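K.L.:
Fit chain D to the known structure of chain G by using the hints.
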Amino acid sequence: MSISIKNVTKRFGRFLALDNVTLEVPEGSLIALLGPSGCGKTTLLRIIAGLEYPDGGTVLSHADDVTNRSARDRNVGFVFQHYALFRHLNVFENVAFALRVRGWKDDEVTKRVDELLALVRLDGLGERFPAQLSGGQRQRVALARALAAQPRVLLLDEPFGALDAKVRQELRRWLRRLHDDLHVTSIFVTHDQEEAFEVADRVVVMNHGRVEQIGTPQEIFDHPANPFVMDFLGNVNVFHGRIHDGKAFLGEAEVSYPESADLPSSPAQVYVRPHELDIATEAEGTASLQARIVHINPLGSYVRVQLQLASNEAEVNVDITPHRYAELELKKGDLVFVAPRRIRVFVEPGTQVS
Amino acid sequence: MQAETLLEGPDYARIRKAHADHWLVRWTLTFLALATLSLLVIVPVVNVFYQALAPGVATYLRNLVLDPDTRHAIFLTLMVAPVAVALNVVFGLAAAWVIARFRFPGRLALTTLIDLPFSVSPVVAGLVFVLLFGGQGTLGIWLRDHGYQVLFAPPALLLATAFVTVPFVARELIPVLEAIGPEEDLAALSLGATGWQMFWRVTLPNIQWGVIYGVILCNARAMGEFGAVYVVSGHIAGQTDTMPLRVEKLFQEYNTPAAFAVASVLTLLALVTLVLKVVVEKRTRHTVSSHSGTSRGAA
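Residue numbers (numbering that gives the first Met the number 0), protein chains in the order written: chain G, 0 to 353; chain D, 0 to 298.
Same shape as in the complex, but just chain G (with noise of 0.2 Å):
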């Protein structure tokens, strides 16, 4: 079932939570609601499932407006942030619950409750309580119990958020290849932005109830809309400089970036990943900074050099391959040369020049 989420907005008291909201979200997808806390992903995923009514706008389930039917209504399963398991009740009855208040017989309950903690690979634990399972158990139990009546829409919020590490990355996985196998369209939440990118099939960033840019994770990845962008999806060095006549300047470096020909001369901020720059020991013509070695992070397979520039003192971070790193035999307190590869340049009102 396809979703359509159109100029949706939420307010708590003056406090905006969701600012005009459109989405759409094909039939059979994964999509991750990505952004920072409090940006109006999780009241979004509410606000779809029914649980939380928008002040404006209308959602779309399939081709019937829902917006203001209650979350029972909807057949959306939904998974908690906790859980929320029922703690007076086994496993089994967990997952039977939305079976039993739509009156299924015994029988078949049991069958389909089988059936399901066999997908969650929990067999044989239909009698334990909640409070006797690990934390991955819980989950996968919130699962099953959301998929049980066959809603047409799955909603996770944060679903690997109380999780450890190593559980989550089992967990993504494992999630990535249900949904591959099921087939629902789901929707998850998360702030963490190797999460979205690894199980999503589209990702929405979103920042202050608004959002920011939607696509694939190589899309996002390789054309942040934006500096918010951008900077949330990680370590990113910023630079205060200007463009030019097609090229840009950061201090006594000019590097060429010919997107920029046609567009006046402005002060930019210049973004560049770390594994977009490089070290050399000598000067690249005109395209190098100089800077001293602060720092060096050996991280297995890359290595993390922190730099400080001879210009300004503005701090650098550059990731090269250990085998570049042997290479140059490069020591903390040494002053190399700093050459960006690739750059993003972002002109003041904050888009991109492309």
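Be a bit skeptical, because a hint or two may be false.
Beta-carbon label-pair distances, calculated as ranges [said to hold, decoys possible]:
1. R101/G to P67/D: 55 to 63 Å
2. T35/D to Y52/G: 42 to 50 Å
3. Y52/G to Y147/D: 41 to 49 Å
The set of hints was computed from the structure by calculation and includes no laboratory data.
Computed from a predicted structure; not experimentally measured.
We put the CB at the ideal spot given by N, CA and C, even for glycine.
P.N.:
What follows is chain D alone, placed relative to chain G:
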């Protein structure tokens, strides 16, 4: 269970060491505490049973069983208290749910109003009912014209008792509902439950021990209520005397053994309530702590 390991008690040995005062201080304080407790609680309670049984077991039973007015007082108390409790369970559940789950204008006023019967003197409460339902009150006149006798009759006893015991169930349930949180209720709704299904299958099982605890406290107060009931009852022996009123009346009539006999039954009921309370307290603590254990495990 996980919850119990999380809730290990304080290290009493260490605390005792840190508090190692001079033996004289410790002994004096312990003696003072025990002396106060004995003087104010143990001696009077034992005395009730001693006085009641002093004339012999036969007289004791005769005082309780053969006096029709006493029999009626016991009967009346055992009728009025449960009905008042039932009314307060319904009201308490509704009020606690509204207060714990919603933010609305007047919420603070409602919370304060629930406490009112605690702070108002029961005599004043009784008087309010007399003015409302008596011969001078509009409501009283209207009811009398339609053939209903409220004042100086069981309905007034019920109203007065219910009024005085309003806070018990609601007060007990508000923190329990707040500790449990609305998530499970929402989960039930999102799984397709109706409001009633949610209440019977999820909300009530989660708070059941809180309800039982509230009922016990409420019942204890309801059976022992004197002030408000005294004002509205009219003291008609064999008709509107509850057990506490009967005790007072027998005492005024210098029938001390009989007064103590009835008092001993009330005391016995109180002791039973106390035991039940301790048992249930353990259960409620268990459910609430297993809850906090769960959320902590998840956090």
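K.L.:
Would you mind marking each hint as holding or not holding in the structure?
P.N.:
How the hints compare with the structure:
{"no.": "1", "hint": "R101/G to P67/D: 55 to 63 Å", "in the structure": "57 Å, holds"}
{"no.": "2", "hint": "T35/D to Y52/G: 42 to 50 Å", "in the structure": "58 Å, violated"}
{"no.": "3", "hint": "Y52/G to Y147/D: 41 to 49 Å", "in the structure": "46 Å, holds"}
Checked against the numbered hints above, the structure violates only hint 2.
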